[in-house]
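Protein chains in written order, with numbering that gives the first Met the number 0: chain A, 0 to 280; chain B, 0 to 260; chain C, 0 to 221.
Treat the hints as calculated values from the structure; they're not laboratory data. Where hints are given, some of them may not hold.
Simulated DEER-style distance windows between Cβ atoms [stated by the list, open to error]: (1) A67(C) / R247(B): 22 to 32 Å; (2) R92(A) / E145(B): 46 to 56 Å; (3) R246(A) / A152(B): 57 to 67 Å; (4) P7(B) / I97(A): 54 to 64 Å; (5) R176(A) / A152(B): 16 to 26 Å; (6) T65(B) / I270(A): 31 to 41 Å; (7) Q138(B) / A88(A): 38 to 48 Å; (8) G122(B) / H273(A): 24 to 34 Å; (9) E145(B) / D53(C): 45 to 55 Å; (10) T65(B) / R92(A): 13 to 23 Å; (11) G31(B) / A17(C): 45 to 55 Å; (12) G122(B) / T103(A): 43 to 53 Å; (13) G31(B) / R92(A): 29 to 39 Å.
Derived DSS-like pairs (lysine-lysine); straight-line CA-CA distance at most 25 Å [stated by the list, open to error]: (14) K249(B) / K2(C); (15) K171(A) / K94(B); (16) K147(B) / K124(B); (17) K171(A) / K80(B); (18) K171(A) / K124(B); (19) K127(C) / K14(C); (20) K158(A) / K94(B); (21) K171(A) / K176(B).
Yeah, the Cβ is synthetic: ideal placement off N, Cα and C, and Gly gets one too.
Chain by chain, the residues:
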Amino acid sequence: MKITDKFILLFLRLITYAIVLVIGYILFDIIRNGASALNWQFVSNFPRRSGAAGGILPAIVGTLYLVVGTIAVSLPLGIGGAIYLAEYADQGRFNTLIRLAIVTLAGVPSIVFGLFGLGIFVLFCGFGPSILAGSLTLACMILPTIIVASEESLRAVPKGFRDASLALGATKWEMIRTNILPYSMSGMITGSILGIGRAAGETAPILLTVAAFYLPRLPKSVFDQVMALPYHLYILATQHPEAERIRHMQYGTALILLLLVLGLSLGAILIRTHFRKKFRW
Amino acid sequence: MVEQSIYPQDQKMVITTDQVSFFYGLTQALFGISLLIPAQQVTALIGPSGCGKSTFLRCLNRMNDTIPHSRVEGEILINLKDIYAPGTDVVELRKEVGMVFQKSNPFPKSIFDNVAYGPRIHGEKNPKRLAEIVEQSLQQAAIWDEVKDRLQANAMGLSGGQQQRLCIARALAVGPKILLMDEPASALDPKATMRIEDLIGELRTNYTIVIVTHNMQQAARVSDYTAFFYEGRLIECDATTRIFTNPRQKQTEDYITGRFG
Amino acid sequence: MPKHMQHDIDKLKAKIIAMGEAVEDRVYQATLSVINRDPDKATAVIKGDREIDDMEVEIEEDCLKILALYQPVAIDLRFIVAALKINSDLERIGDLAVNIAERGLFLAGQEQFAIPFDLSAMVSLAEKMVTQSIDSLINHDVRLAHQIRAADDTMDAMNREMYAQLKGMLTTDTEHVNNLLHVLSVGRHLERIADHATNIAEDVIYLVDAQIIRHTPELYDE
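Please model the complete structure; the sequences and the hints are all you need to start from.
As structure tokens, this is what we get:
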């Protein structure tokens with residue numbers, strides 16, 4: 000059925016190009032409208048006139064702090080959980096339940112996470128709106144992604160490595176540490192790349208747990224609130240009285256956020272490449 | 000089931016198994032295996048697929064522990080110690096009893112690091128000592144000459160036969176006295192197979208070897224004693240020449256002449 | 000076992016049986032030619048030896064082929080080894096039949112001469128032993144094989160008796176010395192034929208029981 004084959008090929012090509020086009024257009028639009036706002040003042044100054052002028056330095060710093068905090072919490076938890084599920088847990092009904100819970104968690108809307116974070120971290124734990132509460136909330140949100148990606152990469156390590164290690168007299172943890180973790184590292188980092196993207200860009204979870212529209216100073220401790228790029232963008236675009244006239248500020252913020260996420264992802268990719276080269280298998 | 004009389008009077012036994020049964024959950028895979036493994040001889044375990052020979056082999060270094068819901072009954076004594084006694088140090092056991100697998104599984108590290116992995120895990124840090132151990136092990140595995148100039152090269156770059164000999168060197172590096180081999184040559188071409196068989200012949204003088212094999216000609220070529228397993232039971236064990244010229248059990252004869260299995 | 004191997008082994012068995020029957024027939028014809036002084040029969044046997052030799056070569060080649068291709072073990076291996084040895088014994092029996100026929104040819108050319116010794120007993124025993132040795136092979140009949148070994152003793156005894164009788168006659172009947180010597184030869188050939196039949200029987204015992212009993216008759220006599 001050569002005709003069908005050709006048709007399918009064409010169809011798939013079209014879809015792919017369409018996706019690329021859409022993404023391309025979005026990028027183009029943001030760059031076109033935001034490039035004019037980009038200058039050194041923009042990234043190094045505090046906002047003035049409620050964000051209509053000045054810069055977005057505190058939002059940049061705030062987003063960075065949040066990303067770092069989120070990764071710091073979610074990576075160990077996620078990888079630890081994945082190791083338990085892949086290597087130690089009984090592969091029975093309880094395990095299936097846990098997996099179900101993880102998958103369900105992945106589908107929970109981000110505003111629900113925000114509410115959850117508000118209830119548990121801000122109020123119950125008493126952290127108040129803070130980097131701590133925000134990071135913990137975001138961590139909960141990206142945990143499923145990290146666990147799933149990490150577990151997959153652990154399972155991908157061939158059984159032969161495990162058998163050989165054990166047969167040589169390694170204990171279970173020694174086997175995992177020396178012969179499985181190094182080789183699943185790159186997969187785990189991939190998971191965290193995806194997590195970074197989400198953590199940096201989500202508005203709803205940070206809305207209720209950490210974000211402030213204007214802070215005169217940069218944060219000094221984890222209990223401080225911060226400004227954040229997504230939230231800043233949201234307010235500028237919807238709540239600001241001069242919203243119509245400060246399009247360039249909005250787009251500039253979006254562009255910076257984009258560049259930030261790209262930069263972080265690139266960093267993670269470089270780390271992953273290093274691991275891939277070192278522990279090729 | 001196996002009489003001591005098939006062995007010479009002064010033959011020392013290094014492994015004694017008595018009525019060993021093995022269960023995967025509710026399924027029984029081995030039924031009362033009583034087998035002796037003589038020291039510094041090669042004992043081959045043969046039988047059709049699924050007859051339990053690999054399962055039995057893996058009981059000897061407790062690799063079956065990794066299988067959930069598995070249970071062993073009966074007694075396995077290695078050097079007169081019950082290896083399933085509570086409180087047995089499995090790590091020590093696996094230093095005494097090494098294993099080589101069917102599909103060669105070198106680690107994606109350098110050749111040196113592969114062989115040094117075992118000693119390092121057991122605490123050897125001295126680089127000079129490690130280098131000695133690595134060289135000795137590679138020599139014993141008859142692969143030293145081929146790799147001595149590229150010890151830092153990645154082990155995955157070796158051919159299949161070389162990888163398997165590397166795995167043997169790796170197993171020898173921890174200093175076992177007993178070597179378990181689960182179809183070590185089944186994934187190799189005839190020339191590489193022959194080298195492995197020659198190697199087994201050389202290792203025999205210093206090690207006790209138990210080898211599981213599908214290939215009866217290989218069992219005939221390589222082993223001193225052969226044990227025939229069928230459906231989880233030990234049917235017959237005898238000197239290899241006897242098994243292949245005039246076995247006692249009809250089932251054994253039917254299997255080795257290819258009338259079934 | 001592989002189908003080809005079974006097929007080849009069956010073909011080999013058939014060839015050995017055929018050779019056995021051919022050799023039996025040669026012995027029968029050769030001894031008849033002596034008793035009846037029939038030169039035609041004798042000539043036929045002598046000419047027919049070529050066929051026996053060809054069969055022997057063919058069987059040997061078949062055995063080698065099976066060994067090389069199939070690496071048989073246990074009973075299959077013992078069968079091939081037994082086949083090789085039996086093959087050689089049958090060929091020797093064939094040669095001995097020719098030798099007898101040559102004596103027959105000679106005696107036919109002489110004037111009527113009464114064979115003083117009852118050769119027919121030895122003849123029929125020899126024939127019976129050859130036939131039975133092939134039977135024991137076909138049927139894996141170890142009891143029959145042991146009987147053949149026992150019969151060899153009888154043959155030896157008959158041979159010794161013939162020898163004693165003829166020796167006596169040689170001193171009295173000097174006219175027919177040549178003939179007597181030929182008759183003596185025939186007796187000796189028959190005794191050798193019996194030995195080869197016994198070998199075949201021992202090979203059958205090896206095949207079935209995996210015992211090599213060639214050189215230790217005392218241990219295994221029933």
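field: Range hint 45 to 55 Å (beta carbons of E145(B) and D53(C)) holds or violated
entry: 53 Å, holds
query: CA of K171(A) to CA of K80(B), is that 25 Å or under?
result: 23 Å, holds
- prompt: CA of K127(C) to CA of K14(C), is that 25 Å or under?
  reply: Status holds; Cα separation ~20 Å.
query: Per the hint of 22 to 32 Å, is the separation of the Cβ atoms of A67(C) and R247(B) within bounds?
result: 28 Å, holds
query: Quick one: are R246(A) and A152(B) within 57 to 67 Å, going by C-beta?
result: 59 Å, holds
C-beta pair G122(B), T103(A): status relative to the range 43 to 53 Å that was hinted: 45 Å, holds
task: Could you grab the alpha-carbon distance between K171(A) and K124(B) and see if it respects the 25 Å cut-off?
output: 21 Å, holds
- request: Sort out whether K94(B) lies within 25 Å of K171(A), counting only the CA atoms.
  value: Between K171(A) and K94(B) the Cα gap is close to 15 Å, so the pair holds against 25 Å.
- request: For the range 24 to 34 Å, tell me whether the beta carbons of G122(B) and H273(A) fit it or not.
  value: Once the Cβ atoms are compared, 29 Å apart, the range 24 to 34 Å for H273(A) and G122(B) holds.
- prompt: If you check the beta carbons of T65(B) and I270(A), does the distance land in 31 to 41 Å?
  reply: 32 Å, holds
- prompt: How does the Cβ-Cβ distance of R176(A) and A152(B) compare with 16 to 26 Å: does it lie in that range?
  reply: 24 Å, holds
message: Given a hint of 38 to 48 Å, does the C-beta separation of Q138(B) and A88(A) actually sit inside it?
response: This hint holds: roughly 43 Å between Cβ atoms.
This entry satisfies every hint, going by the numbered hints stated previously.
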